[in-house]
Amino acid sequence: MGKPWRKVITRREFLGSALAVGAGAVAAACAPSQPAQQAPAVQGRPTQLLVLWQSSFVQEQDKLLDQMAQDWGKKNNVEVRVEHIAYNDTPARIAAAIQAGSGPDVIRWTQGWAWIYENSLVDVSKEVEDLIKRLGGIYPDAEAYNKVGGVWRAVPWSVNPGVFVYRTDYFQEARVQVPTTWDEFIQVGKKLKAYGKPIGQALGHSYGDPPGFWYPWLWAWGGKEVLEDGKTVALESDATLLAVEKAVELFYGALDESGLSWDDTSNNRAYLAEQISCTLNGASIYFVAKRDFPKVAQVSDHFVHPRGPAGQFSLHALFSLGIMSYSKNVQAAKDLIMYLMDPQQYSKWVDVGLAYEFAPFKYSENDPVWNKDPKIKAFRDIVVNGSGRWPGWPGPPTAKAAQVREAYIIVDLFAKACSREFKPADAVKWAAGQLRQIYGRS
Amino acid sequence: MTPRPVAILDRFISIYVPVVITLVLLLFPFYWMAVTSVKPNAELFDVKANPFIVLRPTLEHYRYLFERTLFANWLLNTTVVAALSTAISLVLSVPAGYALARFRFPGGTLLGWGIFVTYLVPQTLLFLPLTQVINWLGLANTIWSLVLTYPTFLVPFGSWLLIGYFRSIPKDLEESALVDGATRLQALVRIALPLALPGILSVGIFSFTLSWNEFIYALVFISDPVNKTVPVGVTSELIRGDVFFWGSLMAGALLGSVPVALIYSFFVEYFVAGLTAGAVKG
Numbered sequence: 049m050g051k052p053w054r055k056v057i058t059r060r061e062f063l064g065s066a067l068a069v070g071a072g073a074v075a076a077a078c079a080p081s082q083p084a085q086q087a088p089a090v091q092g093r094p095t096q097l098l099v100l101w102q103s104s105f106v107q108e109q110d111k112l113l114d115q116m117a118q119d120w121g122k123k124n125n126v127e128v129r130v131e132h133i134a135y136n137d138t139p140a141r142i143a144a145a146i147q148a149g150s151g152p153d154v155i156r157w158t159q160g161w162a163w164i165y166e167n168s169l170v171d172v173s174k175e176v177e178d179l180i181k182r183l184g185g186i187y188p189d190a191e192a193y194n195k196v197g198g199v200w201r202a203v204p205w206s207v208n209p210g211v212f213v214y215r216t217d218y219f220q221e222a223r224v225q226v227p228t229t230w231d232e233f234i235q236v237g238k239k240l241k242a243y244g245k246p247i248g249q250a251l252g253h254s255y256g257d258p259p260g261f262w263y264p265w266l267w268a269w270g271g272k273e274v275l276e277d278g279k280t281v282a283l284e285s286d287a288t289l290l291a292v293e294k295a296v297e298l299f300y301g302a303l304d305e306s307g308l309s310w311d312d313t314s315n316n317r318a319y320l321a322e323q324i325s326c327t328l329n330g331a332s333i334y335f336v337a338k339r340d341f342p343k344v345a346q347v348s349d350h351f352v353h354p355r356g357p358a359g360q361f362s363l364h365a366l367f368s369l370g371i372m373s374y375s376k377n378v379q380a381a382k383d384l385i386m387y388l389m390d391p392q393q394y395s396k397w398v399d400v401g402l403a404y405e406f407a408p409f410k411y412s413e414n415d416p417v418w419n420k421d422p423k424i425k426a427f428r429d430i431v432v433n434g435s436g437r438w439p440g441w442p443g444p445p446t447a448k449a450a451q452v453r454e455a456y457i458i459v460d461l462f463a464k465a466c467s468r469e470f471k472p473a474d475a476v477k478w479a480a481g482q483l484r485q486i487y488g489r490s
Numbered sequence: 082m083t084p085r086p087v088a089i090l091d092r093f094i095s096i097y098v099p100v101v102i103t104l105v106l107l108l109f110p111f112y113w114m115a116v117t118s119v120k121p122n123a124e125l126f127d128v129k130a131n132p133f134i135v136l137r138p139t140l141e142h143y144r145y146l147f148e149r150t151l152f153a154n155w156l157l158n159t160t161v162v163a164a165l166s167t168a169i170s171l172v173l174s175v176p177a178g179y180a181l182a183r184f185r186f187p188g189g190t191l192l193g194w195g196i197f198v199t200y201l202v203p204q205t206l207l208f209l210p211l212t213q214v215i216n217w218l219g220l221a222n223t224i225w226s227l228v229l230t231y232p233t234f235l236v237p238f239g240s241w242l243l244i245g246y247f248r249s250i251p252k253d254l255e256e257s258a259l260v261d262g263a264t265r266l267q268a269l270v271r272i273a274l275p276l277a278l279p280g281i282l283s284v285g286i287f288s289f290t291l292s293w294n295e296f297i298y299a300l301v302f303i304s305d306p307v308n309k310t311v312p313v314g315v316t317s318e319l320i321r322g323d324v325f326f327w328g329s330l331m332a333g334a335l336l337g338s339v340p341v342a343l344i345y346s347f348f349v350e351y352f353v354a355g356l357t358a359g360a361v362k363g
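So the sequences go chain by chain: A and B.
Residues in the first sequence are numbered from 49 upward in steps of one, following this note's numbering.
Residues in the second sequence are numbered from 82 upward in steps of one, following this note's numbering.
Among the hints, erroneous ones may be present.
Claimed, not checked - Simulated coverage check for chain A against chain B, where a stretch passes if three residues somewhere in it have a Cβ under 8 Å from a Cβ of chain B:
| hint | segment |
| --- | --- |
| 1 | 122 to 135 |
| 2 | 143 to 151 |
| 3 | 302 to 308 |
| 4 | 334 to 345 |
| 5 | 392 to 401 |
To be clear, the hints were calculated from the coordinates, so they are not data collected in a lab.
Using N, Cα and C, we set each Cβ at its ideal position, and we do this for glycine too.
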C-alpha cells in the first residue's frame, strides 16, 4: 500500500504554488511605487539632501536625529533623508561616492578622514569658526582631525570617549582600588586575575577598542610613531620597548588572554556575562547594562585612563560632518549642520544617547546630561582633561597616520609580543619597519 | 538471511558514522542560529548556562525584526533581485556556454578564457567603476541597479560552468537531429537543453545563492532602507556600533537562509549531477 502522506503534496505541486506566490511578490515589488512627494523648491534652495550616518546603538537617538532633520527640512522646503549604516560599512560608501561624484551630500565619519579626503570635502571654515565662538572653544583633537592645512574640511560633530568600566563589587572583593598609574593598573589587574575576574582588553583588528587602548598605552610610556614633523618615524626607542615589555607583563598577569582574538563587541559581551572585572569602552556597556542587566549596572562604575611616566593620554573616537564637494546642495547642507549643532537640538540628541557621544565644544562640559547619572562623569572628565591625542601624534593626523591605524600596526606591535610571535625588541623592529614603509612613500 | 554482526558493524562505521558527523557539521550553524534567535538576552549573556539549550524561549527577537526593522521589505527585495538576476544570467549564459562549447570560430578559446578571467576580478575592485555606471544610468538607489549588475559576475560564472557541461554531452545527438532536418536552434532547444538541465539548474541555484548573499554592491548602490536587501539591511539595523543585536541577527540569518535551503532541497539531485558532470563524463 502506498504511503498516503506522499500524496498530500508533491514537490512539483509545492514548486508550482511557490512560483505562483513568488510571481505575485515579484509583480508587487516591480509595480511602480507612489512617487515621493517632492517638496516645492524655493528660490536658491535645493530640494533634496541625503545624509549618511552610522547606526547608533540607541535606536531612539537615530529616530530623534531623523525627526530633527525632517523638521528642519519642512521649515526650509528641503527633503532630508538620513541613511543609517553600520560603522564598518562607511569607508566603502565614501570611496564609491567620491569615485562616482555622486551620493550623500553630508557624510558623518570619524578620526582623520578629513585628511584622507581633503580634496573631496567643502571648506567649512566659516561655519566652524562661528561654532567655536558661540560654543566656547573646541578640544585640540577635534581641531587636529578636521583642520587640514589651515582649512576646516569637516564640522566636528561629536566625541565618543572610552573610559574604564569596572565592577565595584569585584574590586572590593579582590581588595583593590581604582588605579591612577599604569603600573598600579598592572598590579590591580594581577590581583583581579588571581581573583578569577581578569581585565578584558581587545588585541584584535577592530575599529574602536584595540586602538583606543594601545595608542594611549604607547604614549603613556613615552613611545610615539613619528616626530612632530609627522614624517620621521620615531617608534624604535627605549620608551617603546618599555611599553611593549609592560604590555606583555599586563597581558599574562592581568588580562583575559582570549583578548588576542577580541573585536569591539567581545568586551561588551564578556563584561555583561560577568566574565571580566574591567574593560575600556564607550558608554555602551553601561547603557545596555542599565537597560537589560540592571544588577550589573548597579555594581558598575567608571574611571579615567591612568597616567604613565610620560603623562596621561587617551584616544577618543571623534566624528565629524563633511559636505561632499560634488554636492549640488552645499548651502542647504551647511544650514542643516548648523541647525543640528545648535545646543537646543543637540542637547536633546545627547540626552537620548546618555552622553555616549557629546559635542567636542567646551559648552558641553556643562550639559545637563552630566547631572543625570554621576557614574557617567568619567566620560566628560577624560575629554575635559585634555588627554586626547590622535594617531600620528605628536605630528598631525595625516593620511599616512590614518593608514597606519587602518593597518593596525600599533595594535599588532603589542599583539605580536603578547602572543609571543616576536620578542618585545623584535616586535618594535617589525613595527618600525612597517611604519617606514608607509611614511617613506611619497 | 540475517546479516552477520560484522557486516552490520561495517555498515554502521562506513555509512552511518560519516553521515551523522557530516549532518552535525552542516546543521550545527542552523541549530545555533535557531537557538540564539529564541533566547532572551539574559540567557544569551549567561556564561554559566548551557549554550546549546534554551530554557525560556522567546519570540521577542523575531518581533523586533519584523516590527522595528524593514525585514519583510528586505526579504521581498532580495527575492526579486535574486530571481531576476538568475533569470537574466541563465538567458545569457546558456547560449554563450553552448556557442563556446560547440562552435569553432577565431578567438573562441580566447573568449572562453576571457570569460573565466572576468569571473576572477573581485567585486571589491569592480564596485567603484560600477557605481559610476549605475549613476550614469540613473539607477542608483533602486533594486534595478542590482538586477543589472549581478549578472556581471553571474554570467561569466554560468557560461564557464555550462561550457564544460555542454562539452560533456555527445555532439552526435545534435548532429543526428541536424541530419534529420532540425535547425541549430531546434537542436539546442530540443536535444541539448533537456540533456543539459542538471547543469542549467546548477548554474541557476548557484546564481540565486550568490545574488541572495551579495553584499558590497547592495551596500554601495542602495541608500534607501526600504530598497535594501537582507544582508545589508540586517547589518545596518542590527549591528549598532559595538552592540550586536545577536538574537535578531540570528533570527534574520535563519529566515534569510530558508529560501536558499528550500531551493537546494528541491533540486539537490540535479545540482549534484550538474556539478559532477565533468568528473564522470568524457
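**Request:** Run the structure past the numbered hints and jot down the numbers of the failing ones, going up.
**Result:** Of the numbered hints, 3 and 5 do not hold.
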